[in-house]
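Enquirer: What follows is each chain in one-letter form.
There are 2 protein chains.
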Amino acid sequence: MSYREVTPEILQELREIVGPENVIAGDAEKMEPYSHDEVAEKEYAAMPEAVVKPAAAEEVSRIVKLANREGIPVTPRGAGSGLSGGAVPAMGGILLSVERMNRILEIDRENLVAVLEPGVITNEFNSRVEKEGLFFAGYPMSLEMCYIGGNVAENAGGGRAIKYGVTGRYVLGLEMVLPTGEIVAFGGKRVKDVTGYNMTQLMVGSEGTLGIFTKIILKLLPLPKAKIDMMVLFEDVQAAIDVVPQIMTAMRLTPTGIEFMDRLSLETCCEYIGQDKAKYKNAGAFLIIELDGNDADTVRNECLDIGDLCLENGALDAFVAEGPSDQEKIWSVRKHAAEAFKAISPQQSLEDIVVPVSSIPRLMPVLEELSQKYNVLIPCYGHAGDGNLHATVIKRPEDTEERWKETLPRVLEELYVSVKELSGTISGEHGIGHKRKKYLPLVLSEAEMEAMKSIKRALDPNNILNPGKMFDL
Amino acid sequence: MSYREVTPEILQELREIVGPENVIAGDAEKMEPYSHDEVAEKEYAAMPEAVVKPAAAEEVSRIVKLANREGIPVTPRGAGSGLSGGAVPAMGGILLSVERMNRILEIDRENLVAVLEPGVITNEFNSRVEKEGLFFAGYPMSLEMCYIGGNVAENAGGGRAIKYGVTGRYVLGLEMVLPTGEIVAFGGKRVKDVTGYNMTQLMVGSEGTLGIFTKIILKLLPLPKAKIDMMVLFEDVQAAIDVVPQIMTAMRLTPTGIEFMDRLSLETCCEYIGQDKAKYKNAGAFLIIELDGNDADTVRNECLDIGDLCLENGALDAFVAEGPSDQEKIWSVRKHAAEAFKAISPQQSLEDIVVPVSSIPRLMPVLEELSQKYNVLIPCYGHAGDGNLHATVIKRPEDTEERWKETLPRVLEELYVSVKELSGTISGEHGIGHKRKKYLPLVLSEAEMEAMKSIKRALDPNNILNPGKMFDL
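Top line first, the protein sequences correspond to chains A and B.
The first sequence begins at 101 in my numbering and counts up by one.
The second sequence begins at 101 in my numbering and counts up by one.
FYI, nobody ran anything at the bench for these hints, they're computed from the structure.
Remember, it's a predicted structure, so these values are computed and weren't measured experimentally.
It is possible that some hints are incorrect.
Unchecked claim - Computed footprint of chain A on chain B, listed as stretches where at least three residues anywhere in the stretch have a Cβ under 8 Å from a Cβ of chain A:
1) 154-162
2) 247-260
3) 540-552
Claimed, not checked - Here are the computed lysine-lysine pairs in the BS3-like style, where the Cα-Cα straight-line distance is at most 30 Å:
4) K315/A to K325/B
5) K142/A to K381/A
6) K165/A to K263/A
7) K538/B to K315/A
8) K263/A to K142/B
9) K142/B to K327/A
10) K325/B to K142/B
11) K327/B to K553/A
12) K263/A to K538/B
13) K473/A to K153/A
14) K435/B to K165/B
15) K327/B to K325/A
16) K231/B to K165/B
Backbone N, C-alpha and C fix where the C-beta goes; we use that ideal spot for every residue, glycine too.
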């Protein structure tokens with residue numbers, strides 16, 4: 101498929117739609133920040149021909165109609181904090197940034213619902229609703245910078261999915277511009293809605309390939325009154341993972357989150373932030389278990405019960421943190437993981453595999469085997485309660501550039517095949533985007549891929565919306 | 101679109117696929133039960149040309165391939181407990197009953213997941229998992245008879261959506277036969293999965309028009325240890341509904357369910373089951389509030405706090421029920437609602453409207469006005485916490501048949517227009533199906549309808565799967 105260029109005439113039309121100050125073209129320095137997201141690999145960066153910043157649905161509609169008429173790619177973009185190249189203009193064309201559509205339009209306390217534009221920063225939204233005793237439970241780890249629109253487009257996860265699910269659970273309705281430029285709205289301020297197909301949930305996680313959100317209706321929850329974190333050290337991964345289902349079945353408790361780090365991650369992070377690993381009793385793995393609820397005593401008792409369960413099942417030690425400073429200590433190692441790994445080598449691939457929780461221990465030897473076979477580092481940490489692990493394939497500093505380029509795709513392919521064998525898949529929350537596109541056929545059959553492609557073709561007949569992502573048509 | 105008939109040759113092929121004992125044809129008496137669901141109106145009934153009962157995905161695939169090749173409609177059917185004509189063979193052809201695919205294939209305690217065939221009775225599944233200290237939270241009111249496959253196809257709701265959401269939240273994966281006969285699987289034993297479009301959630305609630313489920317992967321939750329029901333009486337609807345958001349915002353509590361009945365429903369039901377209405381202090385409305393949790397004392401205290409809040413806000417009285425016999429008393433009136441209304445007249449339309457919770461009081465005068473204007477009865481009860489109300493338009497016994505036939509569509513149209521004005525929609529949990537098809541354009545724009553239709557066309561190019569439902573192509 102060949103696309104048309106953004107000509108001076110088209111630039112002029114775009115300027116008329118959004119105002120000349122909201123179009124960037126011909127200025128490489130100003131456009132560069134829009135050419136990549138947080139993916140480490142440079143090969144997934146691509147420069148747009150024009151950056152356009154609409155302020156309203158009507159403007160988005162006009163831009164998309166123009167692009168659809170002329171056959172020009174349009175890539176919608178939030179904060180650019182993504183980890184799969186989803187917001188990168190892979191085929192050039194127009195980069196449509198929602199940064200000016202950043203209003204919280206309504207916080208409806210009576211219906212526990214909020215209406216937002218896509219460019220609202222997730223964290224700012226959370227602070228705002230927390231003041232009202234409410235919270236938005238579907239948020240990712242990058243919440244300091246990410247936009248709510250990107251969260252919805254990627255169906256962002258985070259560490260609380262066991263109890264609270266992922267972003268999609270909280271999306272009650274969407275106003276959006278379809279690839280043909282029509283403005284439509286699905287769902288609404290309703291916790292139940294079966295009027296026709298569930299277009300809202302089809303759009304959640306569609307990575308900007310089926311529509312551009314202009315208004316998002318989110319469900320809010322009452323903010324729990326009590327919250328406790330606990331760190332539990334284990335000799336090895338198997339021991340750590342074995343207790344996870346027991347918490348939920350034998351104890352009938354659903355923690356907010358269960359985070360996990362393996363030995364290599366722990367060592368790397370301790371070194372990076374200058375902590376003594378002995379503090380962690382030379383643990384081979386640890387869990388951070390978060391609990392929340394409305395009654396502080398109940399939550400504390402649940403926490404102590406879980407601690408006892410862990411110790412009965414071979415845990416080396418357990419620390420409970422109730423205050424913010426204790427919590428910070430517990431989280432410091434885990435929160436520095438991505439950074440610590442980048443310090444080893446910027447040449448790496450942050451993975452996002454997901455397997456059934458009980459299969460995590462069987463995944464660990466696979467990582468070990470791959471790291472030896474291909475002479476790479478593969479530390480692993482992530483959301484154990486969700487089976488979602490950010491194994492990170494890292495180039496050894498002493499390795500050559502050339503060998504790394506050959507090695508990485510082979511490591512990933514073998515990893516993904518193993519993950520599929522364990523009933524898992526290649527992305528739990530980061531998305532397919534540009535980065536994982538070539539691997540999608542490893543986990544989907546031809547008929548499954550074709551079903552998805554047929555939906556893309558039906559809604560975007562000229563393939564102008566975020567082309568080059570997820571799959572080629 | 102014209103379809104081909106089920107000829108003797110095709111019947112022969114069907115018999116070869118599923119065995120002759122699993123095909124019914126030419127026997128009106130045996131086919132009659134498959135010609136309708138629980139919709140009261142006879143006009144939505146339709147006889148199949150053949151009833152076919154496959155036992156495996158492979159058989160379903162062969163039946164659908166045959167139908168797709170020959171241009172014969174296939175209507176998938178669960179227990180037939182639906183309320184929108186979804187499982188009725190509107191265009192004749194093959195009625196595909198999943199009644200033989202009724203195995204619970206796996207209860208995976210470690211991953212809190214179950215794998216089922218679509219013909220499992222929801223209630224039997226629930227009893228089974230409860231024995232293991234687990235529960236399936238997405239279930240409808242008809243759980244004694246409905247099948248899990250139908251629940252998923254309709255995205256069934258029920259009374260617990262405020263806390264637990266609807267069926268879709270618990271569907272982690274689906275194996276299904278597409279309209280072309282291909283067997284595909286989306287999702288899996290994973291609480292996070294963003295590999296491609298969210299086909300799983302698109303299929304949930306697609307009313308058997310996009311695929312026939314052959315395997316369903318459901319998420320289970322730990323069974324809460326404590327549960328309390330409370331009945332609160334109010335002078336009128338406004339007072340009752342006003343407290344609903346306060347429970348969730350001021351008290352930061354999320355009840356399991358908040359059921360509601362208006363004065364007319366209460367009177368009708370009391371009369372039907374021979375209870376003295378004075379017992380209810382001549383209340384104009386009542387709420388049944390359900391709470392659950394893991395700590396009995398906490399749940400009881402929450403319940404008492406809610407009771408106090410209600411009494412401070414003008415409630416006439418509040419009764420707490422902790423034991424099963426108390427609970428039965430509280431529920432007796434509510435549970436007999438549908439039955440009591442049928443005793444007035446079998447000519448009625450059980451509606452399923454949904455509005456934002458805070459708009460319920462504004463809906464009540466609309467019902468009152470319509471009932472006077474058209475001389476019909478419209479008692480209203482339902483899931484107040486979800487804004488989902490089963491207003492039931494009932495023919496007055498003294499009214500003529502002819503007038504009723506003219507009146508009903510006008511009442512419904514006016515009701516739906518008002519519901520849309522209140523940011524609501526025409527179905528919260530029963531579906532569009534055959535019954536509400538003609539009203540769908542009242543709540544969806546042409547572009548919104550077209551987006552849905554384009555998906556149907558893309559996946560079912562010959563329009564053979566459950567044609568005549570939701571919309572005409």
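Enquirer: Are K327/B and K325/A close enough, with their CA atoms no more than 30 Å apart?
Expert: Given pair K327/B, K325/A holds - Cα atoms ~20 Å apart, limit 30 Å.
Enquirer: Quick one, are K142/B and K327/A close enough, alpha carbons at most 30 Å?
Expert: Given that 30 Å is the threshold and the Cα spacing comes to 55 Å, the pair is violated.
Enquirer: Holds or violated: K263/A with K538/B, Cα cutoff 30 Å?
Expert: 40 Å, violated
Enquirer: Between K327/B and K553/A, does the CA-CA distance stay at or below 30 Å?
Expert: Violated - the C-alpha atoms of K553/A and K327/B are around 46 Å apart, more than 30 Å.
Enquirer: Holds or violated: are the alpha carbons of K473/A and K153/A at most 30 Å from each other?
Expert: 47 Å, violated
Enquirer: Given the hint that K435/B pairs with K165/B, test it: the Cα-Cα distance must not exceed 30 Å.
Expert: Violated. K435/B to K165/B sits at ~43 Å, over the 30 Å cutoff.
Enquirer: Tell me if the straight-line CA distance from K231/B to K165/B falls inside 30 Å.
Expert: Measuring from Cα to Cα gives roughly 40 Å; hence the hint is violated.
Enquirer: Decide if the proposed pair is consistent with the structure: K142/A and K381/A, CA atoms, cutoff 30 Å inclusive.
Expert: Given that 30 Å is the threshold and the Cα spacing comes to 39 Å, the pair is violated.
Enquirer: So if I understand the rule, the pair passes when the alpha-carbon distance is 30 Å or less; does K165/A with K263/A pass?
Expert: 41 Å, violated
Enquirer: Mind taking a look at whether chain A covers the segment 154-162 of chain B? Criterion is 3 or more residues with CB to CB distance under 8 Å.
Expert: violated (count 0)
Enquirer: So if I understand the rule, the pair passes when the alpha-carbon distance is 30 Å or less; does K538/B with K315/A pass?
Expert: 28 Å, holds
Enquirer: With a cut-off of 8 Å between beta carbons, are at least three residues of the segment 247-260 of chain B near chain A?
Expert: holds (count 3)
In summary, the numbered hints that this structure violates are 1, 4, 5, 6, 8, 9, 10, 11, 12, 13, 14, 16.
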